[in-house]
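Undergrad: In case you want the letters, here they are:
2 protein chains.
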Amino acid sequence: MILAHYGENRLIAGLTRNLVADDSVRIGIGDDCAATGGRRARTWQLLKTDCIVEGVHFLPEAVPRKIGWKSLARPISDIAAMGGLPRHALVTMAISPTVEVRRVREIYAGIKKAADRFGVSIVGGETSRSPGPLFISIALTGIVEASRCVTRSGGRAGDLLYVTGRLGGSARGRHLDFIPRVAEARWLVENFRPHAMMDLSDGLGADLPRLARASGTGFEICEALLPCARGCTPRNAITDGEDYELVFAISARSAKRLEEKWRKKFPKLPLTRIGRLSGNLKFQISNFKFQNGFDHFA
Amino acid sequence: MILAHYGENRLIAGLTRNLVADDSVRIGIGDDCAATGGRRARTWQLLKTDCIVEGVHFLPEAVPRKIGWKSLARPISDIAAMGGLPRHALVTMAISPTVEVRRVREIYAGIKKAADRFGVSIVGGETSRSPGPLFISIALTGIVEASRCVTRSGGRAGDLLYVTGRLGGSARGRHLDFIPRVAEARWLVENFRPHAMMDLSDGLGADLPRLARASGTGFEICEALLPCARGCTPRNAITDGEDYELVFAISARSAKRLEEKWRKKFPKLPLTRIGRLSGNLKFQISNFKFQNGFDHFA
Numbered sequence: 001m002i003l004a005h006y007g008e009n010r011l012i013a014g015l016t017r018n019l020v021a022d023d024s025v026r027i028g029i030g031d032d033c034a035a036t037g038g039r040r041a042r043t044w045q046l047l048k049t050d051c052i053v054e055g056v057h058f059l060p061e062a063v064p065r066k067i068g069w070k071s072l073a074r075p076i077s078d079i080a081a082m083g084g085l086p087r088h089a090l091v092t093m094a095i096s097p098t099v100e101v102r103r104v105r106e107i108y109a110g111i112k113k114a115a116d117r118f119g120v121s122i123v124g125g126e127t128s129r130s131p132g133p134l135f136i137s138i139a140l141t142g143i144v145e146a147s148r149c150v151t152r153s154g155g156r157a158g159d160l161l162y163v164t165g166r167l168g169g170s171a172r173g174r175h176l177d178f179i180p181r182v183a184e185a186r187w188l189v190e191n192f193r194p195h196a197m198m199d200l201s202d203g204l205g206a207d208l209p210r211l212a213r214a215s216g217t218g219f220e221i222c223e224a225l226l227p228c229a230r231g232c233t234p235r236n237a238i239t240d241g242e243d244y245e246l247v248f249a250i251s252a253r254s255a256k257r258l259e260e261k262w263r264k265k266f267p268k269l270p271l272t273r274i275g276r277l278s279g280n281l282k283f284q285i286s287n288f289k290f291q292n293g294f295d296h297f298a
Numbered sequence: 001m002i003l004a005h006y007g008e009n010r011l012i013a014g015l016t017r018n019l020v021a022d023d024s025v026r027i028g029i030g031d032d033c034a035a036t037g038g039r040r041a042r043t044w045q046l047l048k049t050d051c052i053v054e055g056v057h058f059l060p061e062a063v064p065r066k067i068g069w070k071s072l073a074r075p076i077s078d079i080a081a082m083g084g085l086p087r088h089a090l091v092t093m094a095i096s097p098t099v100e101v102r103r104v105r106e107i108y109a110g111i112k113k114a115a116d117r118f119g120v121s122i123v124g125g126e127t128s129r130s131p132g133p134l135f136i137s138i139a140l141t142g143i144v145e146a147s148r149c150v151t152r153s154g155g156r157a158g159d160l161l162y163v164t165g166r167l168g169g170s171a172r173g174r175h176l177d178f179i180p181r182v183a184e185a186r187w188l189v190e191n192f193r194p195h196a197m198m199d200l201s202d203g204l205g206a207d208l209p210r211l212a213r214a215s216g217t218g219f220e221i222c223e224a225l226l227p228c229a230r231g232c233t234p235r236n237a238i239t240d241g242e243d244y245e246l247v248f249a250i251s252a253r254s255a256k257r258l259e260e261k262w263r264k265k266f267p268k269l270p271l272t273r274i275g276r277l278s279g280n281l282k283f284q285i286s287n288f289k290f291q292n293g294f295d296h297f298a
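Line order of the protein sequences matches chains R and S.
Numbering-wise (our numbering), the first sequence opens with residue 1 and increments by one.
Numbering-wise (our numbering), the second sequence opens with residue 1 and increments by one.
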């Protein structure tokens, strides 16, 4: 069977079965990042890898600096989703020998811009020629206090679900110049105790089920509550993907204080309550028939 | 100008100019691995990324398990070249949707085999579809005592140069199933003080000048001394590449003890003195006109 008919989730589940982790692995495969550190360590290291491929994650005519920005901003977003701060990046590029040197320089300038903005040091990399499309893979380390690290799996039935920003329509341009929510996530874990968190890369309709499954819960969200980007419908907000906003689950007791403090701290960025985690293991989106989200190989 | 006419070394030098590193970076871009850690830390973390591309680093008809093995064995070899032990891997694969699931599973089995053999935990990864050739990028962390970490830049004029194993002819098959010299490198740094070390990926003729330049020295090696693989000439040993053997520079005073102890410890793996670092900044290979080695974009 070929990959297109098999499905990405099933493939990954098969590949990563029976992996052996040594005793320094605190969080392994299946979350936004892995975390390593001693059992009693107060600080963990986060590890993440991410790639973008020409023709899949960006069009050949995209502005080169934005391609570079996106390539690093994506894994930064994953570090943020664990409550961490990004640190060291390794940049791998596979490039056709016929590509203009200027284009590569511009892409790299975009990577550096994101690195500078978020305090990342680029410490290594690899370039290879490739007969195929431009390919950028970035491995990123981060750091987080063990007590503040947030996974996908800590959500509890009854937790309220929040998303940052506005969802949908990212393909019109935002997917190339989005701002990873590092500051917001750090503020959140320093001032509250979100039970579960992740960043929205494949769309709420694909990502929220992952958080709920990992937490052993269902969820109920309401279309009418979704913070849609300009010109977008709730359906866009659910299925478009590449929002790179945070979704998190937090105790209902924190709701009032969270919403008040958020408005003062981040007056320009909406924080929206979209529903809650439920105990019945169902994925319910009212006024919307749930479908499996984005599948990389479909 | 396009990359093919520009040259890989020049490209990388340009891209990595003016990179800012935070104060946790002990060794940045330009060595086999980066190293991070506090200024007074006794242990450093090593960071490495490496990629292989179908049609460049392996042929489409290569045995899938060997493709997987190679993809992880390469960065393991770099960790070894710093004197370190590999620890945590992140595996990124870009795959055409038309690839057979079985092929991907076999490749991953090869990655796992290398991981198990060298004590590496696979802690994360990423799969993406790609319209292009199969692409595997692996980021690997390692660990090394600060006092035992060996760079390319510590070589001194007069140091003797040694290589492990036999060189040349790797394309006939060894490039897919080579054994990274982790045990040998660890034994070396635990028992001796090599001044400089690296692994041979692009061939002695391309890699040794890198070590010499980093060390601010020249070198003199002798063709007749080179340990050639079966059926190979000294020219093969110098230019073929993908040997993944160690080359290191060590004080002449250590020579006798090193050679004796090596023979006892690793009786099956030759260790060969091939020449020395020189103070005159010339790269001299007697009986061989030196040429620039392998260039990824040429």
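Be aware that a few hints might be false.
[Said to hold, decoys possible] To be clear about the criterion: a stretch of chain R counts as covered by chain S if any three or more of its residues have a C-beta under 8 Å from a C-beta of chain S, and this derived list gives those stretches:
1) 5-12
2) 32-39
3) 50-59
4) 87-98
5) 104-114
6) 189-201
These are computed hints drawn from the structure, not numbers from a lab.
Cβ coordinates follow ideal geometry from the N, Cα and C atoms, glycine included.
Undergrad: Take the hints in turn and mark each one as holding or not.
TA: Structure-based check of each hint:
Check result for the stretch 5-12 of chain R against chain S: holds, 4 residues qualifying (beta carbon to beta carbon below 8 Å, three or more required). Under the rule that three or more residues need a Cβ within less than 8 Å of chain S, the assignment of the stretch 32-39 of chain R holds, with 3 such residues. Beta-carbon proximity to chain S at under 8 Å applies to 7 residues in the stretch 50-59 of chain R; the threshold of 3 is reached and the given coverage holds. Only residues whose C-beta sits within less than 8 Å of a C-beta in chain S count toward coverage, and the stretch 87-98 of chain R has 10 of them, enough to reach three; the restraint holds.
Coverage of a stretch by a chain is defined here by at least three residues with a beta carbon nearer than 8 Å to that chain's beta carbons; for the stretch 104-114 of chain R and chain S the count is 4, and the condition holds. Counting residues of the stretch 189-201 of chain R whose beta carbon lies closer than 8 Å to any beta carbon of chain S gives 0, which falls short of the minimum of three for the stated coverage.
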